[in-house]
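2 protein chains.
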Amino acid sequence: MANLTEFSLADAITVLTRTPATLNALLRGLPDIWVSGNEGKDTWNAFVILGHLIVGERTDWMPRVRIILENGEARAFDPFDRFAQKESQDKSLEQLLDDFARLRKENLAALQALNLQPEDLTRRGRHPALGVVTLSELLATWAVHDLTHVHQLSRVMAHQYRDAVGPWSVYLGVLKCAGHSAP
Amino acid sequence: MANLTEFSLADAITVLTRTPATLNALLRGLPDIWVSGNEGKDTWNAFVILGHLIVGERTDWMPRVRIILENGEARAFDPFDRFAQKESQDKSLEQLLDDFARLRKENLAALQALNLQPEDLTRRGRHPALGVVTLSELLATWAVHDLTHVHQLSRVMAHQYRDAVGPWSVYLGVLKCAGHSAP
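From first to last, the protein sequence lines are chains F and S. According to the working numbering, the first sequence is numbered sequentially starting from -14. According to the working numbering, the second sequence is numbered sequentially starting from -14.
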């Protein structure tokens, strides 16, 4: 295995900063077949994924940072509602991309205004299911959560051409990914 | 299962057009830990992945389109050299992103100059390992190949924080993806 990387607030922010532009480049203006298609019954398309990312910006990541700083382990986080994005479904993809970009920018400004010091990153909070976690684990998870949904979007889009690629499907890794839902 | 999509040249081009900007947004200017890290011995980092995409633009996709149009099944494609990207390893990530964007733009201009008609999309060629394939399958594969490497890049980046996320790893799908190498 390669050596894995220690968490760095600056490094995590470089990923968090780029995600809105990445999703914008990948998705804005695409024909309906790429953004409305999902992977079958009860799976997510690009609208649902963007709605979910927006809910995270509104109700989870920075609120959890603040709960750790203000309450430590004394108060568990509110659970992440994985179905709260239903309210986003009347918006266009372009509106969702704009909402996500604006909220992310506001949240990163708020994060940087906290002026977190290295010793703050070890502060502990309580996840309602996972138990004790640290602030650095929360911030690393925020970045990897973005990457999970880039991973999912590339897979959902590729799925639409699962038949169209013909025999090449055996060489295309993304078509072999069965998805990895949360438990 | 959702209904899968028929191939459309225009739809495929919308994905192929966006990939350079997507990779640019995801990768340009990132700290070394995100772009030099891989998933362990003999796995690919962002430099190798970009080098591989550049080799495809230079030697595979459009040359194969031309072989189908000029030779049909009479001449098999040259095999895709999955290790030819070694020559790219002395360049910066920014140079690789620029090279890929320029080559893709040139190739899409050449593709559109062919003015392919619906009946052309059923023309057949011969893959050295897979046997008979059609032009539409080749073009669909070009687009899904891009998505395979977006999928891989998100996974390789996420891997660098596999430890940093702590107990959240159980909820992060991208960390459960073991990769899907070509056979």
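Rather than coming from a laboratory, the hints here were simulated on the basis of the structure. All values derive from a computational prediction rather than experimental measurement. Glycine included, C-beta positions come from ideal geometry on N, C-alpha and C. Do not take every clue at face value.
[Claimed, not checked] Listed below are the simulated DSS-like cross-link pairs for lysine-lysine, each with C-alpha atoms no more than 30 Å apart in a straight line: (1) F/Lys161 to S/Lys161; (2) F/Lys76 to F/Lys90; (3) F/Lys90 to S/Lys71.
[As the list claims (entries may be wrong)] Selected chain S positions facing chain F (in silico; Cβ < 7 Å): (4) Leu15; (5) Asp17; (6) Ala59; (7) Leu88; (8) Glu91; (9) Leu93; (10) Val129; (11) Leu132; (12) Met142; (13) Tyr146; (14) Val159; (15) Ala163.
Each hint, compared with the structure:
1. About 13 Å separates the Cα atoms of lysine 161 of chain F and lysine 161 of chain S, which keeps this hinted pair within 30 Å; it holds.
2. Our distance criterion of 30 Å between C-alpha atoms is met by lysine 76 of chain F and lysine 90 of chain F, whose separation comes to about 20 Å.
3. Between lysine 90 of chain F and lysine 71 of chain S the alpha-carbon distance is near 38 Å, which puts this suggested pair outside the 30 Å criterion.
4. Interface hint at leucine 15 of chain S: satisfied, since its Cβ lies 6 Å from the closest Cβ of chain F, which is below the 7 Å cut-off.
5. Nearest Cβ of chain F to the Cβ of aspartate 17 of chain S: about 9 Å, over the 7 Å cut. The hint is violated.
6. Below 7 Å, beta-carbon pairs count as interface contacts, and alanine 59 of chain S has none with chain F, the closest being about 19 Å; its hint is therefore violated.
7. Hint status for leucine 88 of chain S: violated, given a least beta-carbon distance of 17 Å to chain F, over 7 Å.
8. Hint status for glutamate 91 of chain S: violated, given a least beta-carbon distance of 19 Å to chain F, over 7 Å.
9. Given hint, leucine 93 of chain S at the interface with chain F, is violated; its Cβ is 16 Å from that chain's nearest Cβ, farther than 7 Å.
10. Hint on valine 129 of chain S holds. Least Cβ distance to chain F is approximately 5 Å, under the 7 Å limit.
11. Taking 7 Å as the C-beta contact cut-off toward chain F, the hint placing leucine 132 of chain S at the interface holds, the least distance being around 4 Å.
12. Hint status for methionine 142 of chain S relative to chain F: holds, with the closest Cβ pair at about 6 Å, below 7 Å.
13. Taking 7 Å as the C-beta contact cut-off toward chain F, the hint placing tyrosine 146 of chain S at the interface holds, the least distance being around 5 Å.
14. With a cut of 7 Å, the hint placing valine 159 of chain S at the interface with chain F holds, because the nearest CB-to-CB distance is about 4 Å.
15. The restraint placing alanine 163 of chain S at the interface with chain F is violated, with a minimum CB-CB distance near 9 Å, outside the 7 Å limit.
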